[in-house]
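Chains A, B and C, in that order, give the protein sequences.
Taking our numbering, the leading residue of the first sequence gets 1, the next gets one more, and so forth.
Taking our numbering, the leading residue of the second sequence gets 1, the next gets one more, and so forth.
Taking our numbering, the leading residue of the third sequence gets 1, the next gets one more, and so forth.
Careful: at least some of the hints might be erroneous.
[To be verified] Residues from chain C that face chain B, not an exhaustive set, calculated with beta carbons under 8 Å:
(1) M97
(2) I109
(3) L230
(4) L235
(5) L251
(6) A255
(7) L265
Calculated from the structure, these hints are not laboratory results.
Model, not experiment: these values are computed from the prediction.
A virtual CB, placed ideally from N, CA and C, is assigned to each residue, including glycine.
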Amino acid sequence: MEKKIAVKTENLCKSFGAVQAVRDVSLTVEEGQMQAIIGPNGAGKTTCMDLIVNKTPLSSGKVFLFGEDITGMKPYKIAKRGLNKCFQISQLFPALTCCQNVQIALIQKLGKTFGLRPVPKDYLRDECAAELARVGMEHLLDETAAYLSYGDQRRLEIAITLALEPKVLLLDEPTAGVARAEGYSIMDMVRRLNQEEGYTILFIEHDMNIVFNYSDIISVMDHGQLVASDTPARIKENEFVKQAYLGGAA
Amino acid sequence: MKKLNLTATVLTVAAVGLCLVLGVFCGINTTLLMSRIVIMALFALSLNIQTGYAGLGNLGHALYFGLGSYGVLIFVSKFGQPLYLAIPATILILTLVSAAVGFLMLQSDDKMSFLFLSFGVCLLVYTAFAKWAWVGNKTGLTFNVRPQALNDPRNCFMLILLVTAVCAALMYLLTKTPFTAALKGSRENETRMVFLGVNIKRLRLVAYVISSFFGVIAGVLYAIMNNGAYITSIDTSMALEAMMMCLIGGGATFLGPVLGAVIVTLVRNFLPTVTNLDSVIFGVMVILCCYFLPDGITAPNGRPAALVRRVAGRLRKSGSDSEKVR
Amino acid sequence: MNLSTYVVPLITGVASGLILYLSAAGMNLMISGLGVINFGQGAFFVLGAGVCLIVGKATGSLLQGMAAGTLVTFFLGGLLELSLRPVVGKKMELTLMITMGIAYILDDIFEIVWGSSVQTLAIPVWLRGLVTVGSFQIPKYYLFIIGAALLIGLAFWIVFEKTRLGMRFRAIISNRDMVEALGVNVHLSYMMMFMIGIALSGFAGALNLPISGFTATGAMGAFGAIVPILVIGGLGNIQGTLPSAVFIGVLSAVAALFLPKLYNLVPTVVMVLVIMIKPQGLFTRKER
Chain A
1 MEKKIAVKTE NLCKSFGAVQ AVRDVSLTVE EGQMQAIIGP NGAGKTTCMD LIVNKTPLSS
61 GKVFLFGEDI TGMKPYKIAK RGLNKCFQIS QLFPALTCCQ NVQIALIQKL GKTFGLRPVP
121 KDYLRDECAA ELARVGMEHL LDETAAYLSY GDQRRLEIAI TLALEPKVLL LDEPTAGVAR
181 AEGYSIMDMV RRLNQEEGYT ILFIEHDMNI VFNYSDIISV MDHGQLVASD TPARIKENEF
241 VKQAYLGGAA
Chain B
1 MKKLNLTATV LTVAAVGLCL VLGVFCGINT TLLMSRIVIM ALFALSLNIQ TGYAGLGNLG
61 HALYFGLGSY GVLIFVSKFG QPLYLAIPAT ILILTLVSAA VGFLMLQSDD KMSFLFLSFG
121 VCLLVYTAFA KWAWVGNKTG LTFNVRPQAL NDPRNCFMLI LLVTAVCAAL MYLLTKTPFT
181 AALKGSRENE TRMVFLGVNI KRLRLVAYVI SSFFGVIAGV LYAIMNNGAY ITSIDTSMAL
241 EAMMMCLIGG GATFLGPVLG AVIVTLVRNF LPTVTNLDSV IFGVMVILCC YFLPDGITAP
301 NGRPAALVRR VAGRLRKSGS DSEKVR
Chain C
1 MNLSTYVVPL ITGVASGLIL YLSAAGMNLM ISGLGVINFG QGAFFVLGAG VCLIVGKATG
61 SLLQGMAAGT LVTFFLGGLL ELSLRPVVGK KMELTLMITM GIAYILDDIF EIVWGSSVQT
121 LAIPVWLRGL VTVGSFQIPK YYLFIIGAAL LIGLAFWIVF EKTRLGMRFR AIISNRDMVE
181 ALGVNVHLSY MMMFMIGIAL SGFAGALNLP ISGFTATGAM GAFGAIVPIL VIGGLGNIQG
241 TLPSAVFIGV LSAVAALFLP KLYNLVPTVV MVLVIMIKPQ GLFTRKER
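Using the sequences and the hints, build the whole thing.
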């Protein structure tokens, strides 16, 4: 059974002046796959992700989404095509409640962003509650986003993005700054989405336990280059990777 | 929740009633003042769609207000059209113009640039009109555009109040739409909106056009009220005053700009008669407002709102106390 | 077409462009370093001219007047920065309102202290008259303006690029939060940026005094004149201010030859065209 390729990059490069942040990265993510990108700090992982969604314009290379060339496409158009990213620093609507946060995403999904017909105050409230329930936050429906704990803010970010029913979900360090148990809880939820609902997931992580337990494929970046891309078992054995990153002991 | 709505409705009805009384039964000067206040309220409400909901500071909104007045005057006095044709023509043409202008100004995707450009465009038109004899240079145009029935200031006032009330109701309904929710999102976090797949430029453009539409209507009413169009209506200080109305009143609530309009109009109207330093006092007032009431008077988290809540709480308490006695 | 008919307008165009360059550069410094759009920049322009007028008349020396105008605005810049501190970081409209409030206040003060008639200061004897360059006669004062503006511009550039202070400015411009996090006392730098930014405008106003005179109500006009320069050069783009200003100055001067009544609309029209073609400004080299 031929697996479709969800996201593919070809020779992605990004230079900030003289600094080459991303060098010739050719990444492939299959549909329904859960792939991790790992690498030491400054390896270019976040930059690479930003290039894929065109948050940062690339210097050269190509990006494909389900075979369509999306290189240089305006970010909102890419997002509309189902390639959605959760940022390292949560991008929420701070003064609005969790319900309102998700509501805006749902409005966009339903295509009602330009809807000029008045709606009642509890518009989509049940649907928002359902979306928040997915990340275990339905009890925080009316809590203001700015007052949430850090971990809950990460979850809200994920909830907002999930509300769009993305085809490919990019997560930039979803468990960073979060307590270990909570981190596992978040990754369990993500894994469930991947295995039960078929979401394609590409995520950046630093916690090796999470990476090795929650991914189908691990891509290793170092100094802007893609050093290896393989199953967790083979990555553990990869000499290159061991040297550069795992320091010999996995 | 229901009780709160009742209070708001009662207050609104009372306010409108008060307006009516002041405007119709208190002598011609009050009527004219009230007419001006109501028009300014409409103007401020229209601007708030951009400033309050979209989070776009705009220093050129006076453009549509002024051009609204000029449009009516030009159609009637220069083209000899009857008023009932001049009004829709002015509104239609200027709304289309606002779409073009807004499109251009939103190209840079940057709020600061937008602010600047709105100012620049307004200044451009102001300068052009000031030197253009056909529109009366700095004097403006004067012509009898009013129908007979509206020559009585009280009738004129009632029309102005009616139109403003209808427009306000429409704008209120607008705040209940998914569009406004998205607009607020773009104000709170632009990045997030983009990466939800929303075309921010288009969103803002629609807000801009709707806002300008109501601004034009305010200008049209002003022309009818004064039988004239004046260059001060396009003046950037008019635009600034409009922003001040939204800011002083508070962009967070729907009626905040109305309150701001009342205050600013009254101050600007009465202060010059009392002192030569009216600009100084106005400037100081604005600055103090920025320090102590940065979200406006009606801000839900601000001091005035807290005060109102405390007073309301005490009233409710004394009410329940008297019940206990019984 | 006689070439000489263009030379003098060109020179005057460059001169007036450079005067506006100073004010615009000050503005860009405040925008890029502090994120503040100072709507009072025009008012300080007028203030510089006004102080120059008073001191110049009292001492009989234009140069002393210019120095006084620059110093007064320099220190007022510090006061302005202090008055903006309570709202730093809050929404942009607040700083705008405050700067405009100050412009309103100054407007009234101008009328009361200086009166509403246009007043001017005579050009000192040693700067009067024409200088013969080749076959052209150029008014000395305009050359003085060009020289003075370029000198100040050079000094500004040197400070900005080559000194410690300038390095701090550049750091703040590129990443304000980081600099604060590093524990550097940014407040002093902020204040310096403001004082320099305002003083540039005051100096420009004083320089302009013998040409256009002092008008109590000229603040908005002075501000409006730099708006096209800022937009075409790129808002906040300090490097783009000079070419943009010279461009606008020359453009206006040339336009004045063909459209004597409408020439001061040309900069704004060009501004609108620039927005359509390249919204970030013509003279920006920054990567987006």
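Checked hints:
1. M97: holds, 5 Å
2. I109: holds, 7 Å
3. L230: Constraint on C/L230 satisfied, holds at 7 Å.
4. L235: holds, 6 Å
5. L251: Since the shortest Cβ distance to chain B is 15 Å, the answer is violated.
6. A255: violated, 14 Å
7. L265: For C/L265, the interface hint holds, since the closest Cβ of chain B sits about 6 Å away, which is under 8 Å.
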